[in-house]
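Put chains H and E on the given structure of chain U with help from the hints.
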Amino acid sequence: MNIIPADSSAIGKQIYALIKDLFPICRSITGNGVRQTLKIVGKHIPLSVYEVPTGTQVFDWTVPKEWNIRDAWVKDSRGRKVIDFQKSNLHVVNYSIPFKGKMPLAELEPHLFSLPEHPDWVPYRTTYYKETWGFCLSHNQLRSLEEGDYEVCIDSTLADGSLTFGEYVIPGELKDEILISTHVCHPSLANDNLSGVCTAAFLAKHLADQKLRFSYRFLFIPGTIGAITWLHRNFDEVGRIKHGLVLTGVGDPGGITYKKSRRGDAAIDRAVVHVLRNSADNYSVEDFSPYGYDERQYCSPGFNLPVGRFSRTPYGKYPEYHTSGDNLDFVRVGSLSESVTVLINILGILEGDRTYTNLAPHCEPQLGKRGLYDQIGPNQLAMLWVLNLSDGHHSLLDIAERSKIDFESIREAATVLLKFQLLE
Amino acid sequence: MNIIPADSSAIGKQIYALIKDLFPICRSITGNGVRQTLKIVGKHIPLSVYEVPTGTQVFDWTVPKEWNIRDAWVKDSRGRKVIDFQKSNLHVVNYSIPFKGKMPLAELEPHLFSLPEHPDWVPYRTTYYKETWGFCLSHNQLRSLEEGDYEVCIDSTLADGSLTFGEYVIPGELKDEILISTHVCHPSLANDNLSGVCTAAFLAKHLADQKLRFSYRFLFIPGTIGAITWLHRNFDEVGRIKHGLVLTGVGDPGGITYKKSRRGDAAIDRAVVHVLRNSADNYSVEDFSPYGYDERQYCSPGFNLPVGRFSRTPYGKYPEYHTSGDNLDFVRVGSLSESVTVLINILGILEGDRTYTNLAPHCEPQLGKRGLYDQIGPNQLAMLWVLNLSDGHHSLLDIAERSKIDFESIREAATVLLKFQLLE
Amino acid sequence: MNIIPADSSAIGKQIYALIKDLFPICRSITGNGVRQTLKIVGKHIPLSVYEVPTGTQVFDWTVPKEWNIRDAWVKDSRGRKVIDFQKSNLHVVNYSIPFKGKMPLAELEPHLFSLPEHPDWVPYRTTYYKETWGFCLSHNQLRSLEEGDYEVCIDSTLADGSLTFGEYVIPGELKDEILISTHVCHPSLANDNLSGVCTAAFLAKHLADQKLRFSYRFLFIPGTIGAITWLHRNFDEVGRIKHGLVLTGVGDPGGITYKKSRRGDAAIDRAVVHVLRNSADNYSVEDFSPYGYDERQYCSPGFNLPVGRFSRTPYGKYPEYHTSGDNLDFVRVGSLSESVTVLINILGILEGDRTYTNLAPHCEPQLGKRGLYDQIGPNQLAMLWVLNLSDGHHSLLDIAERSKIDFESIREAATVLLKFQLLE
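Residue numbers (my numbering), protein chains in the order written: chain U, 254 to 677; chain H, 254 to 677; chain E, 254 to 677.
Everything labelled a hint here was simulated from the structure, so no lab data went into it. These figures come from a predicted structure and were not determined experimentally. You can trust all of the hints, since none of them are fake.
Since copy identity is lost for identical chains, a pair holds within one copy or between any two.
In the EDC-like style, the derived pairs of lysine to aspartate or glutamate whose C-alpha atoms are separated by at most 20 Å in a straight line are:
hint, residue 1, residue 2
1, K318, E384
2, K657, D540
3, K622, E384
4, K464, D606
5, K672, D313
6, K622, D313
7, K657, D534
8, K464, E426
In isolation and in its complexed conformation, chain U is listed as follows (with noise of 0.2 Å):
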C-alpha cells in the first residue's frame, strides 16, 4: 500500500480557505468556539463530537467550568468604546470572568495587557486557572488612554458545562494506529494553530478513500487538558498508537522544525527525519525536551508514546507568536501545501515500511534473466540494496537509511523484486 499524493496547490488552497472561516471564531480550552469550530470542521470531515462534564477528574487535573462570552469592551468618560471584542476577539483575556464597573484609568491599569516592543500588536491572554478578568491592547492604544472614569464589561459566563472535542478514525487494515493531534483551543490565532487544525482537517480528507494499512486517529482538542482527558478516556487503548504526530504552526514562512518524540529514535523519528533530508531546502530537527504543546502529555512517563511534534518556525521563535501580528497574512499557501506534502511522505514512509526477506541470499540472483539489469543506475543499485540487506533484521526504512537512497526508490526496488518472488 502506498499512499497517494496529494495536489498540493490545490490542498494548500483549501487548507488556508478553511483557516479564513475559522479565523472570527472566538475558542477557549472549553465552550461554543470549540463547537462551532468542530461543526465547520465536520462539514469536510465526519467527526465524532465529545462533551466531557466539568468536575470530571482527569489524571491530576480536573475539567473546568465551561467559558463562553458575547461581548466585552471598555468606554472611556465620553462613551467611546475604547477597547471591543468584537473588532478581535484577542482582546479579552480568555476565560476572563464576568465583570462590570466603573473605575480610573490606575485601577483599570493593572487588567490592561500590552506589548511595548510590538506597539501595534494585541498580545494574546488567558486566565484558565484563576479567576481574574483582563483586556488586551496595542500598546499604542494603551498609551492614547487619558486619565478619567472607565466603564467595564465582560459578558461572559464560567459555570458548570463541559469540555469539547473532536475526533476522526479512519479504520485501516491493522488495529495499530497512526495519531494525529492538533489543538483546537486558541481564538483568532492563524499560525497557532489554526493551521494545524485545518492543515489536520484536509489531511484527513485525503486519506479517508484511501485504502491504508494503519488506522489513523485524528485528534481536535484543546491544549493540555484536552490531551491529559483524552488520554485518561482512552487509558486502556493508547498502546495501539504506533506513531504519532502533534501538528501545530505548519503555516508560517519559516522553515519546518521537527522535534522528536521522547524515545528520540522513533519510527516517526526515522521517518520524519528522512523525508527532510531528502526532501526541504531548509529544515531543522531538535531533541525532546518537556516544554512545549501536547507532545508533553503523549511522550510523559506513564505513556511515553511514540509521539513527535511537526511545525515550522517553534513557538516563540517568531514575534507574531501570541499576537495579532498572527493573522491570515502571517500564513501561507505555500507553507501550508508543504507541510501537508511532506506530511503525505511521512505517512507514506510508515505505511510502505516493511522488513523483507531475500529469497535468493546466496550471491546476488541473475537480474538480468529476469530483465532486471540494464545499465547499473539507481533503480539497479537501489535493488542491490534491498536484496543485500533484507536478512529479516533491516526494514526499507533501514536500507534507505544506510544505502542514503530515497525511500520511494528503496520501497519500488522492493515491489519489483516482490513480483519476481526474489523477496518474502
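Showing chains H and E alone in chain U's frame:
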C-alpha cells in the same frame, strides 16, 4: 607467529614483470585465455585448476557456454583491416558470437563502440549474457571510417565447455582461513585486474614458506560467475573463512582505498584501517555497498562473510578504467610495492592478534626488578597498555586502537611480557 | 543531603599555609619525612597512621628498606660546601645510600644531575630501587665547579624499618565509600604534591562535621608502593569504593585537567565533566592511560576501580615539574581555592545523585494548583525535566546531562517535587 616482511621493491618488480607477461592474453569469464593465464601464474605458485562444465547450476545462475576467439577484423572496401583483433584484444566486444558478413557503414555502426570523451582510447566491453557481436575502437578511428561496404569477421566459438578457476591453499596451524580473491577474467587491462592477479600470486609465494597460524586460500576466478561458482561448490566450508580481501586495481598511482565488509566492524576492517592510519599517507576508507567486485557475492546476506575490498583508486574513478588507457604504463612498480607491503602488514595483524590475560592483574607488576623499566618510553608505555587492558576482553588490536600505539609495538610488548610470564 | 559549600577564599589560604609548613620537610617513600608530615596534617584532621614493615610482600612488590637522611654535602678542595642538603633537600638524589669519599671532579660528575635547559633550577631525582647515590644541582652551579678533588658526604641510612601512610575515614550513612588518594612522598615540591596533600586535608576537615551519605576515605600514601600496599592490605574491602579521585598538582596557575577512570563512563567521570562544563572557564578532560599517578594502581585490571585523577596542569606539561621551580611561588591561593570549590561541587553531585520515580507519571501533574507553575522559567523547566525523566531509569545526573541544566537546579527541582509528593 609473525609474517616476515618482503623486500618490497624487489617484490614490486616481480609483480610488474608478471603483469607484463600476462598482458597480451585475451581473457574472458571462460576459455583458453584464463587457462593460459593460470598456467603462467602456476609457474610461481602451485595452483590447482578446476573446470566447471557449461550448464552447471550455481545458485540462481548457470555456468555459460565457453567462449574462445582466434581472430577478428573489419576490412574496408579496399580490403584494408581498419579494426584488427591482433593489434589489441580490446577491439572485439568480449563474448562476441562468431560472425562473417559484408555491410555498409550504416549497418555496421550499431556494432561499433568508442569513447568520444577520450578519442584515443579503445573501450573495453562485454556481452556475456546476450548473444551478439561488436567491435571497440578509438573515437578517432571511428570518425575516420568512410562510407562504403565493410567486411566483418569474428572467428570465435561459443559452445559447451567449462568455466576455469585456480586455487592455492597454504595450510596454517589452524583450519580457519584467510581468503584472498582476485578476478582473472579481464583481457589486456593492466590495473584491472592483472595488478590484483599478480599481487595475489606473489603475496601467496611470499607466505608459502612461512610458519602461519591461519590457512590461506588464494582464488583466481572469473568475476561474478566465478565467485558464485566457487561459493556454490564450497557451500559447506565457507564458515572457515574468518577474514578475507578482494584484491583489484592495486597498481595505479592513486592512494589505497579500502571498502569495508558488509559487517563494517569485522577484524579485517579494523586491521586494514589500523595499518592505513599508521602507514599510508594517502588513503580512504569506504563503507560497504552492494555494488562493485566480488565482495558483492561474499557479502551477500546468505554468506555475510568478513570480506572487504582492497584497491587503490576505485573502479570508475579513473578515466583509464575499462579502456586501453589501463595499460602497462598506467601501472607502477612503486604502487605495487606499497600495496603488497600494506597487505603483508594487514596479514601480520590478523596473524598476531590475540587476547591475553594479565597474570599479575592487581596493581602493576614491578617491571623494574625484571629490567623492563628504565626511562619511560614508547616500549614501556606499550607494556603498560598491554598489562592494563589484558583482562580477557581486549585483543592486541583493541589495545593498539585504544592506545593509539601501532600494532607492532603492542605485539612486541606482549611478546616480552609473555616471556616474563606476566601474560598468558 | 547536600554538601555545604566552603568559604573558598578562606580555605584556599588555609591550604596554602599548610603547604608552607610542610614544604621544608625531606619526604620520601619511607622514613621520618612522611611521619613528620602526617603528624602536622594530623593537627587538622584525626589521621590514623600505619606502619608496614620492610620486606612485606604486596602483590608483585616488596616494601623496601626505610630511608632516612640527616645531612649531605660536597666540599671543594678549599673546603667550601658547593652542594648543601641543608639549603634544599632536592640536592640529594632521594634514596641515596650512605656515602663518604674524596674524588676528582671527573669521578664525581656521573653522580651529578642538572637541567641544562633550565640552568637556575635544581632537578628532583630518586633512586628507590637501585642502590646508588647522587646529587642534584643547578646547571649554573655545575658549570662553576672547578677541576680538583671533592669531598662527598651523604649521611643517610637505608635499613629495615617500615613504610608509613595515613588514613582518615569519615563515616557516612552508607558503607559505600568515596576514595580521595594523594601521594605524600615528594620532598620540597609545592605543587607536586603538597598541593594535593593539603587540599585533601582541608577537604576532609570541611566534610568532617557534615551529614554525609557516603563514607569518605582519605589516603595520604607514598606514590606507587603506598597505593599498592594499601590495596593489598584492603583487598577484601575495595569493593566499597564507589567513586574515587587521585588528587595531585592542584595549585598551579593552569586550568583543571581531569583524567578519566579506566571505565571512562563511571559516575565520577560524568560528575567531574558536568561540574567542569558548568563552572570552569578553562579545563580539559583526558581519556585514561596506564601511565601517571596512583590511578595506575586503582585502575589496574584486577581492581578497575572508578577512580579518576584530578589535577590542574598535568605532570610533565609545566617546566617547573620535578624541579626546584615547583616552589611556594608556583602554587597560588586562587588555584587552590578553585580546586577545592570544584571538588566540593563534584562531591555534591555524588552525594545528591538519586534515581526517583514520578508518582504522577500519566501526563504532567498540575503544577499550577500547587503554586509551582507561574511563568515558565528555569526552575519550572527543571521540574518538567525531572518529572519527565524520573521513570526509575534516569538519575538526577542523567537528567542534568540530557537537559543541559546544571545539577544543582535539577536537584533543587527534585527536592521541591519530593516535598509535594510528586516523586519518590
